[in-house]
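Residue numbers (the working numbering), protein chains in the order written: chain A, 1 to 349; chain B, 1 to 349.
Because the hints were derived from the structure by calculation, they are not lab data.
Among the hints, erroneous ones may be present.
On the chain B side, residues computed to face chain A include the following (Cβ under 8 Å) [unchecked claim]: (1) 18; (2) 32; (3) 33; (4) 51; (5) 157; (6) 176; (7) 177; (8) 198; (9) 200; (10) 203.
Far from chain B by the CB rule (all over 10 Å, computed), these chain A residues [claimed, not checked]: (11) 54; (12) 169; (13) 182.
A virtual CB, placed ideally from N, CA and C, is assigned to each residue, including glycine.
Protein chains: 2
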Amino acid sequence: MKRVFATEANVVIYPASGTGAWEAALVNTLSPGDRVLMAETGQFAALWRKLAERLQLAVEFIPGDWRRGADVAAIEAKLVADKAHAIRAVCVVHNETSTGAVTNVPAVRAAIDRAGHPALLMVDTISSLGSLDYRHDEWGVDVTIGGSQKGLMLPPGLSFNAFSAKALAATDRATMPRSYWDWREMLASNATGYFPYTPATNLLYGLAEALAMLFEEGLPNVYARHDRFGEATRRAVRAWGLEIQCAEPADYSSVLTGVVMPEGHSADAFRRVVLERCDMSLGQGLGRLSGKVFRIGHLGWFNDLMLCGTLAGVEMGLALAGVPHRKGGVDAAMGYLVDAARHALPRAA
Amino acid sequence: MKRVFATEANVVIYPASGTGAWEAALVNTLSPGDRVLMAETGQFAALWRKLAERLQLAVEFIPGDWRRGADVAAIEAKLVADKAHAIRAVCVVHNETSTGAVTNVPAVRAAIDRAGHPALLMVDTISSLGSLDYRHDEWGVDVTIGGSQKGLMLPPGLSFNAFSAKALAATDRATMPRSYWDWREMLASNATGYFPYTPATNLLYGLAEALAMLFEEGLPNVYARHDRFGEATRRAVRAWGLEIQCAEPADYSSVLTGVVMPEGHSADAFRRVVLERCDMSLGQGLGRLSGKVFRIGHLGWFNDLMLCGTLAGVEMGLALAGVPHRKGGVDAAMGYLVDAARHALPRAA
Numbered sequence: 001m002k003r004v005f006a007t008e009a010n011v012v013i014y015p016a017s018g019t020g021a022w023e024a025a026l027v028n029t030l031s032p033g034d035r036v037l038m039a040e041t042g043q044f045a046a047l048w049r050k051l052a053e054r055l056q057l058a059v060e061f062i063p064g065d066w067r068r069g070a071d072v073a074a075i076e077a078k079l080v081a082d083k084a085h086a087i088r089a090v091c092v093v094h095n096e097t098s099t100g101a102v103t104n105v106p107a108v109r110a111a112i113d114r115a116g117h118p119a120l121l122m123v124d125t126i127s128s129l130g131s132l133d134y135r136h137d138e139w140g141v142d143v144t145i146g147g148s149q150k151g152l153m154l155p156p157g158l159s160f161n162a163f164s165a166k167a168l169a170a171t172d173r174a175t176m177p178r179s180y181w182d183w184r185e186m187l188a189s190n191a192t193g194y195f196p197y198t199p200a201t202n203l204l205y206g207l208a209e210a211l212a213m214l215f216e217e218g219l220p221n222v223y224a225r226h227d228r229f230g231e232a233t234r235r236a237v238r239a240w241g242l243e244i245q246c247a248e249p250a251d252y253s254s255v256l257t258g259v260v261m262p263e264g265h266s267a268d269a270f271r272r273v274v275l276e277r278c279d280m281s282l283g284q285g286l287g288r289l290s291g292k293v294f295r296i297g298h299l300g301w302f303n304d305l306m307l308c309g310t311l312a313g314v315e316m317g318l319a320l321a322g323v324p325h326r327k328g329g330v331d332a333a334m335g336y337l338v339d340a341a342r343h344a345l346p347r348a349a
Numbered sequence: 001m002k003r004v005f006a007t008e009a010n011v012v013i014y015p016a017s018g019t020g021a022w023e024a025a026l027v028n029t030l031s032p033g034d035r036v037l038m039a040e041t042g043q044f045a046a047l048w049r050k051l052a053e054r055l056q057l058a059v060e061f062i063p064g065d066w067r068r069g070a071d072v073a074a075i076e077a078k079l080v081a082d083k084a085h086a087i088r089a090v091c092v093v094h095n096e097t098s099t100g101a102v103t104n105v106p107a108v109r110a111a112i113d114r115a116g117h118p119a120l121l122m123v124d125t126i127s128s129l130g131s132l133d134y135r136h137d138e139w140g141v142d143v144t145i146g147g148s149q150k151g152l153m154l155p156p157g158l159s160f161n162a163f164s165a166k167a168l169a170a171t172d173r174a175t176m177p178r179s180y181w182d183w184r185e186m187l188a189s190n191a192t193g194y195f196p197y198t199p200a201t202n203l204l205y206g207l208a209e210a211l212a213m214l215f216e217e218g219l220p221n222v223y224a225r226h227d228r229f230g231e232a233t234r235r236a237v238r239a240w241g242l243e244i245q246c247a248e249p250a251d252y253s254s255v256l257t258g259v260v261m262p263e264g265h266s267a268d269a270f271r272r273v274v275l276e277r278c279d280m281s282l283g284q285g286l287g288r289l290s291g292k293v294f295r296i297g298h299l300g301w302f303n304d305l306m307l308c309g310t311l312a313g314v315e316m317g318l319a320l321a322g323v324p325h326r327k328g329g330v331d332a333a334m335g336y337l338v339d340a341a342r343h344a345l346p347r348a349a
């Protein structure tokens, strides 16, 4: 897992879903009443905030419009204003599954450094890990949160914390009651080849195979493949004349693409038609995007032809559901994929 | 799951192993600094104590010799002495997996009632649920903790809390920070057919099938089958001239039988011989019983012939490892199983 997180630091594996690893990141490093800075990038950022508040943390939540990554300038301003260094952690979601927008993690790190602020940087990579380029060490992240059911291609039930020496040192002053999530217990047991309690054994076998698949393809190739899917999908969406939920091209996600439904049409009614007629389940709009957005996932064990099939399902569904659109989305995607394949071919001598 | 717990009260399912459900029972009902009463019945009671102490609870631990269930008279004495009712919970392990001794839960309930004490009664049934008769409601238990990987015949990764209205009411004054384990969030989401976060989906499919298997056989028949395995195994152990770890016949476990190695012989060396020569993995002695005890498991999806094969492996292993013993253990078990089968046959007219 260290290779996937791109870290030489510590990685622990929990028998829990991703929400558990969110909680683990906070309870290992913080105390009740501590201030944390979070950024409203979408539904998952909102859920993480709710979790932090239930853990008796004081959350400053930078508002956002759910159409781009975290507002780095706002983060920097908050940190600069926090002369007393009361903020203990900055928490961002790398890939917002609810919108298809990516937060620029190195930019957040640079903002923290410019502010000369000692807050820990925590990043949720539950839906990006193993799909998008990610570098825990190089980007100066203190705690990275991951899960099994997205880029690692497994059922849900495993989750991860990668954490820096600085984060580990924070456990000494952190008074949040903890046991199941305690890093120190995990590290002590792992060092002897064991876990402190029963692990999710069968998922660990699956994880070994998932990692073998990722390393066989090569992580840079995996990331390039997802980038290709993202670009091909966006070309299809534009060809249909529909709007991409992520409004900031620099923040486009290669994991999924959120698509805005034309005014007066229900995204959920459209999704039902696609499910019934094409046997394909598209992601729903979450939270404030409910009924207004549908999501095209293109992550994990997925190839060009699976993407073409997926886009064909969307295009046919738009026609069947009577949603105003232009044809030509699948054509646009295929054109891009052909170009990409030509460039990837070895040159003739 | 309510049928398996024998309750009309609430049951929640966590994507976590059993230790997580231990933690859930405590963090939903207690506050840091609260006193809890626990009984040293073996390694799992000791681990639960350690977890409670990490959660900043003040544990009174009634000592025990790891050869019987919880000392009910000592529990009663502690509660009677606690005039201020400072003790918030009494926590016992139903089936001690490390020893093969069962705690008499109705007797613990009666002791609490005789003392007129308001403490919550919490019971770990991780290794007994679905194998031993258990009655959450009838026995007046407040929180029952269960896991997927024993009597429910699944991989580890799911765990359970069944809890009374009294336990649920205790959440209001309990100040332990909690989110992942929070019963109220679980109940609110479950009421709409959902979970508050990603569940361990594939294990839920397995659980549906495990429950179908248990209900097809009938829970009373499942419990009677395990009782038969326990008695047959103990007859084999006595025929070998070896000692049963559980020293109190009323507390014998029908889930597993701990066997004491003769002085001067290593249980682990014996277990290695059985593994290498017979391809069978016996349970090791845990904690203070390390090297001194081996454990014969007879739970879950298991029948008379599998038990005979298991006992044959032990008997041949004793011979191969040069452990002093008498032959005849398998014979003794078969004799008992034949009698049991005859009694189960319908009478001729």
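Going down the list of hints, with the structure as the test:
Below 8 Å, beta-carbon pairs count as interface contacts, and residue 18 of chain B has one with chain A at about 6 Å; its hint therefore holds. A least Cβ separation of about 6 Å between residue 32 of chain B and chain A falls short of the 8 Å threshold, and the interface hint therefore holds. Because the smallest distance between the Cβ of residue 33 of chain B and any Cβ of chain A comes to about 10 Å, over 8 Å, the interface hint for this residue is violated. Because the closest C-beta pair between residue 51 of chain B and chain A is about 4 Å apart, less than 8 Å, the hint holds.
Hint status for residue 157 of chain B: holds, given a least beta-carbon distance of 4 Å to chain A, under 8 Å. For residue 176 of chain B, the suggested interface contact is upheld, since its CB lies about 6 Å from the closest CB of chain A, less than 8 Å. With a cut of 8 Å, the hint placing residue 177 of chain B at the interface with chain A holds, because the nearest CB-to-CB distance is about 4 Å. Of the supplied interface hints, the one on residue 198 of chain B holds, with its beta-carbon coming within about 4 Å of a beta-carbon of chain A, less than 8 Å.
Using the Cβ-Cβ criterion of 8 Å, the hint placing residue 200 of chain B at the interface with chain A is satisfied: the shortest such distance is roughly 4 Å. Annotation: interface hint on residue 203 of chain B holds; nearest CB of chain A at approximately 7 Å, less than 8 Å. With a minimum CB-CB distance of about 4 Å to chain B, residue 54 of chain A fails to clear the 10 Å threshold, and the non-interface call is violated. Every Cβ of chain B is farther than 10 Å from the Cβ of residue 169 of chain A; the closest lies at roughly 19 Å, confirming the non-interface assignment.
Its closest Cβ contact with chain B, about 7 Å, brings residue 182 of chain A to no more than 10 Å, contrary to its assignment away from the interface.
Violated hints, in rising order: 3, 11, 13; the structure is consistent with all others.
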